[in-house]
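Colleague: Generate the whole structure from the sequences, applying the supplied hints.
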Amino acid sequence: MNDEQKTTYFGETNFRNQLKKFGIKNIDRRKHMYVIGKTGMGKTTLLENMAVQDIQSGEGVAFIDPHGDTADRLLDFVPKERIGDVIYLNPAVVADGLMGVFKKLWQDVWSARMEYILNNTILALLEYPDSTLLGINQMLINKDFRKKVIEHITDPVVKAFWTQEFAKYTDRYAAEATPAIQNKVGQFVSNPLIRNIIGQPKSSFNMRQAMDEKKIIIVNLSKGMVGEDNSRLIGAMLVTKIYLSAMSRVDTQEAARPDFFLYVDEFQNFASESFANILSEARKYRLSLILTHQYVAQMDEKVRDAVFGNVGTTVTFRIGAEDAELLEKEFSPEFEVQDIVNIGFANIYLKLMIDGVASRPFSAATLPPIKKPDESFRSQIIEFSRKNYGAPKADVSDKINKWMEEMEVAAEKKTAAAPREFGEDARPQAQLYDATCFVCGKLTKVPFQPDPNRPVFCKEHIGMAGQYKQQMPRREPPRPPRPSTGEFSARPTERTASLRELEGRPPERRDFRPQRVEMHQPFRRPENLQVLREALKKSLESKKQNVSQEVDNPPPNPLPKRGGEGEGSSSSGTLRPGEKLEL
Numbered sequence: 301m302n303d304e305q306k307t308t309y310f311g312e313t314n315f316r317n318q319l320k321k322f323g324i325k326n327i328d329r330r331k332h333m334y335v336i337g338k339t340g341m342g343k344t345t346l347l348e349n350m351a352v353q354d355i356q357s358g359e360g361v362a363f364i365d366p367h368g369d370t371a372d373r374l375l376d377f378v379p380k381e382r383i384g385d386v387i388y389l390n391p392a393v394v395a396d397g398l399m400g401v402f403k404k405l406w407q408d409v410w411s412a413r414m415e416y417i418l419n420n421t422i423l424a425l426l427e428y429p430d431s432t433l434l435g436i437n438q439m440l441i442n443k444d445f446r447k448k449v450i451e452h453i454t455d456p457v458v459k460a461f462w463t464q465e466f467a468k469y470t471d472r473y474a475a476e477a478t479p480a481i482q483n484k485v486g487q488f489v490s491n492p493l494i495r496n497i498i499g500q501p502k503s504s505f506n507m508r509q510a511m512d513e514k515k516i517i518i519v520n521l522s523k524g525m526v527g528e529d530n531s532r533l534i535g536a537m538l539v540t541k542i543y544l545s546a547m548s549r550v551d552t553q554e555a556a557r558p559d560f561f562l563y564v565d566e567f568q569n570f571a572s573e574s575f576a577n578i579l580s581e582a583r584k585y586r587l588s589l590i591l592t593h594q595y596v597a598q599m600d601e602k603v604r605d606a607v608f609g610n611v612g613t614t615v616t617f618r619i620g621a622e623d624a625e626l627l628e629k630e631f632s633p634e635f636e637v638q639d640i641v642n643i644g645f646a647n648i649y650l651k652l653m654i655d656g657v658a659s660r661p662f663s664a665a666t667l668p669p670i671k672k673p674d675e676s677f678r679s680q681i682i683e684f685s686r687k688n689y690g691a692p693k694a695d696v697s698d699k700i701n702k703w704m705e706e707m708e709v710a711a712e713k714k715t716a717a718a719p720r721e722f723g724e725d726a727r728p729q730a731q732l733y734d735a736t737c738f739v740c741g742k743l744t745k746v747p748f749q750p751d752p753n754r755p756v757f758c759k760e761h762i763g764m765a766g767q768y769k770q771q772m773p774r775r776e777p778p779r780p781p782r783p784s785t786g787e788f789s790a791r792p793t794e795r796t797a798s799l800r801e802l803e804g805r806p807p808e809r810r811d812f813r814p815q816r817v818e819m820h821q822p823f824r825r826p827e828n829l830q831v832l833r834e835a836l837k838k839s840l841e842s843k844k845q846n847v848s849q850e851v852d853n854p855p856p857n858p859l860p861k862r863g864g865e866g867e868g869s870s871s872s873g874t875l876r877p878g879e880k881l882e883l
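Numbering of the sequence shown is given in our numbering, commencing with residue 301 and proceeding in unit increments.
A couple of the hints might just be wrong.
What the hints assert, rightly or not - Distance condition first, Cα-Cα at most 27 Å in a straight line; then the derived BS3-like pairs of lysine-lysine:
(1) Lys338 - Lys320
(2) Lys320 - Lys331
(3) Lys306 - Lys515
(4) Lys541 - Lys325
(5) Lys306 - Lys514
(6) Lys687 - Lys523
(7) Lys338 - Lys629
(8) Lys325 - Lys687
(9) Lys514 - Lys380
(10) Lys380 - Lys325
(11) Lys380 - Lys629
(12) Lys759 - Lys745
What the hints assert, rightly or not - Label-pair distances were calculated between CB atoms; the ranges are:
(13) Arg686 - Lys629: 40 to 50 Å
(14) Met764 - Ala460: 46 to 56 Å
(15) Glu628 - Ile654: 53 to 63 Å
(16) Val457 - Gly340: 29 to 39 Å
(17) Gly656 - Asn577: 37 to 47 Å
(18) Thr307 - Lys584: 19 to 29 Å
(19) Ala467 - Arg754: 46 to 56 Å
(20) Ala467 - Ser679: 51 to 61 Å
(21) Phe738 - Val457: 53 to 63 Å
Worth flagging that the hints you see were computed from the coordinates, not collected in a lab. Every residue, glycine too, gets a C-beta built ideally from N, C-alpha and C.
Modeller: Set out below in structure tokens:
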């Protein structure tokens, strides 16, 4: 049978009142398979049955298990003729430093500046011989180590960052930008288990070769054994490593690329942004994914869009109401929300990819677990993997300790060789000047231009400088010049004029520019200017006539005599001497 038409069975359905087993062809598995369901519904059993069939049929398989139980059981199903094909990691991978992994793990503190510095650090270390993740912190704090790495950088952009940008960082800016990276990387370096993994400069096996030769890679990432954060770190790095190895198949014709099946249980733990690229690009490189997890909210938005946009086969066990509303769009009109939330144990609804076309949704039951074979080669498999792909823990620890000691010795030598600022072996100043000691008259050297008016002391009498300073009269700083009093002298007053003199003068024209009034002006009703002009004109004419009459003819007695005596009496005038006022 052609490998593309080889079928992997995982369920059975009622067809014409008979239970019929069904599965999925290898050519359709290249469109990937997505399985979702609550815990305890049978997801892991479905994956285990499919992986066992791939192992026994000679396919290339990688199974990443965050719990560890399935990884142990799969060892029992490996046939004798495939013992040499098994690579059992518990855990034993080498991290190449991948940005998507760190971004997924540290998304709560991730920033653009952190990504920028870390990315250039990793790109620089990749070009340095025998570099590991242990060199990240050394690259940021050890100038000598950084100088060695920069000498090996061939990428002009990366080299420009370290020589032209990072070298000009101030101490304050560097203290703000780098500690976040050092703290996060330091968490893994401080763990002996992870340190022995990421501290090895070379992997014990070639991932590309393992995929091309259809090896069986079983990864036991039990959180109880290695810790949750460490499990996520190693799993995410391994997934990305497999993806990069698949991408390297570009130098091989597509027809000559063998299929490789990657099973990831609880894949949200390792779902970095690289998963989105894997789902959209891995098909052409014959990397097929089978992913399972519990609910949609565990995925990032970018990964979720890639899953529902690129997955060919979708399988759902019982899920929650919120996820059922989302998946109803995939399974309607055959199945509604109430159907999806009430599926029984080990029962599924699915849309199956058949010859490149997705089928209509239908219901089925998953197959029971495959019976364990009578003979198991578990111990032989573990021993073979340990011998061929493992390294003694003591040797790895010794190499790492030796590398760390070399870094410390280099730092100590640099500190010891650094010129001192003070003392007999102080480093020479740029320029020294001759001076004479004020106390003993001894010739000495000072790093400043001597002032003839101020004393200079030698090393023996430098302690007397404080006493002399107290005895010296204090020099007052020069005061700014005060303006002369003539500038503030009073101006001579001009002769004042009476109102009568002013009335005869024509009005003076002055170049008066009214200032802008900031205060609020009350509202005034607009007046009739023509009426005002006429009233002002009449007032001035009448006043002018009265003034001329008073000058030519003095006014008569303003007080009339009693009984109207006197013809020239007037109702207005002034009181003259000798006159009486009668009322």
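Colleague: Decide, hint by hint, whether the structure agrees.
Modeller: Results for each hint:
1. Restraint check for Lys338 and Lys320: the C-alpha separation of about 26 Å stays at or below 27 Å, so the hint holds.
2. In summary, the hint linking Lys320 to Lys331 is supported, as the alpha carbons are separated by about 24 Å, within the 27 Å threshold.
3. The hinted pair formed by Lys306 and Lys515 meets the criterion: a straight-line CA distance of about 18 Å does not exceed 27 Å.
4. Taken as a hint, the Lys541 and Lys325 pair is honoured in the structure, with Cα atoms around 26 Å apart against an allowance of 27 Å.
5. Taking the CA atoms of Lys306 and Lys514, the gap is near 16 Å; set against the 27 Å cutoff, the hint holds.
6. With a C-alpha separation of about 25 Å, the suggested pair Lys687 and Lys523 falls inside the 27 Å cut-off, and the hint holds.
7. Pair hint Lys338 plus Lys629 holds up; C-alpha atoms about 19 Å apart against a cutoff of 27 Å.
8. Pair hint Lys325 plus Lys687 does not hold up; C-alpha atoms about 36 Å apart against a cutoff of 27 Å.
9. For the hint pairing Lys514 with Lys380, the CA-to-CA distance comes to about 16 Å; that is within 27 Å, so the pair holds.
10. A threshold of 27 Å between alpha carbons decides the hint, and for Lys380 with Lys325 the separation of about 26 Å falls inside it, so the pair holds.
11. For the given pair, Lys380 sits about 46 Å from Lys629 by alpha-carbon distance, which is inconsistent with the 27 Å threshold.
12. Restraint check: the Cα-Cα separation between Lys759 and Lys745 comes to about 10 Å, which is no more than 27 Å; the hinted pair holds.
13. A hinted range of 40 to 50 Å holds for the C-beta pair Arg686 and Lys629, which are about 49 Å apart.
14. One distance hint, 46 to 56 Å for the beta-carbon pair Met764 and Ala460, holds here, with the actual separation near 55 Å.
15. The supplied range of 53 to 63 Å is broken by Glu628 and Ile654, whose beta-carbon atoms lie about 22 Å from each other.
16. Restraint check, Val457 to Gly340: a C-beta distance of roughly 51 Å breaks the suggested window 29 to 39 Å.
17. Take Gly656 and Asn577: their Cβ atoms lie about 22 Å apart, and the range 37 to 47 Å is violated.
18. Roughly 22 Å separates the CB atoms of Thr307 and Lys584, a value that falls within the hinted 19 to 29 Å.
19. Checked against the given bound of 46 to 56 Å, the beta carbons of Ala467 and Arg754, roughly 41 Å apart, lie outside it.
20. A beta carbon spacing of about 55 Å between Ala467 and Ser679 agrees with the range 51 to 61 Å that was offered as a hint.
21. A beta carbon spacing of about 60 Å between Phe738 and Val457 agrees with the range 53 to 63 Å that was offered as a hint.
Hints 8, 11, 15, 16, 17 and 19 from the list above are not met by this structure, while the remaining hints are.
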